[in-house]
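Please put together the full structure from these sequences, using the hints given.
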Amino acid sequence: MRSADNLIWIDLEMTGLKPETDAILEIATLVTDKALNVLAEGPVIAVHQDETTLAGMDEWNQKQHGGSGLLARVRASRLDTAEAEARTLAFLMP
Numbered sequence: 001m002r003s004a005d006n007l008i009w010i011d012l013e014m015t016g017l018k019p020e021t022d023a024i025l026e027i028a029t030l031v032t033d034k035a036l037n038v039l040a041e042g043p044v045i046a047v048h049q050d051e052t053t054l055a056g057m058d059e060w061n062q063k064q065h066g067g068s069g070l071l072a073r074v075r076a077s078r079l080d081t082a083e084a085e086a087r088t089l090a091f092l093m094p
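Residue numbering for the sequence shown is 1 to 94, as defined by UniProt numbering.
Honestly, the hints are just simulated from the structure, not real lab data.
Values in this document were obtained by computation on a predicted structure and should not be read as measured data.
Distance ranges between label pairs, derived from CB positions:
hint: 1; residue 1: 68; residue 2: 9; range: 12 to 22 Å
hint: 2; residue 1: 41; residue 2: 5; range: 16 to 26 Å
hint: 3; residue 1: 22; residue 2: 89; range: 18 to 28 Å
hint: 4; residue 1: 66; residue 2: 2; range: 36 to 46 Å
hint: 5; residue 1: 37; residue 2: 58; range: 30 to 40 Å
hint: 6; residue 1: 93; residue 2: 70; range: 21 to 31 Å
hint: 7; residue 1: 60; residue 2: 94; range: 30 to 40 Å
hint: 8; residue 1: 50; residue 2: 20; range: 17 to 27 Å
hint: 9; residue 1: 50; residue 2: 6; range: 31 to 41 Å
hint: 10; residue 1: 85; residue 2: 32; range: 14 to 24 Å
hint: 11; residue 1: 79; residue 2: 40; range: 13 to 23 Å
hint: 12; residue 1: 60; residue 2: 33; range: 32 to 42 Å
hint: 13; residue 1: 90; residue 2: 7; range: 18 to 28 Å
hint: 14; residue 1: 6; residue 2: 52; range: 31 to 41 Å
Backbone N, C-alpha and C fix where the C-beta goes; we use that ideal spot for every residue, glycine too.
The structure is reproduced here in C-alpha cells:
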C-alpha cells in the first residue's frame, strides 16, 4: 500500500463548518493510487460527544446527522477524538 504517489483521503463529519469551534462526529479514511483507485479503506469511527455539544448543532446538522443514524452512533461510541486519531494513524502507519 505504501507509495509516494498514493493519496490519503480523510472525511470528517462535524457538528458544524467551523473547525476552530465545532467537534468531530465521525472520521473515515481511504487510500487511493494516483488514478483514484481505492487501495485500502480505513476504519469509520464515530467519536463520542456529550449532549451539550450535540445540542449546540444547528437545525441542518441535527436533521442530517440524526436522519443518517450518525448521532445515535456518536452517543453510543466510547471513543474520544484522541483515540479516533490514534486508530486512524495506526491504520495509515502499521
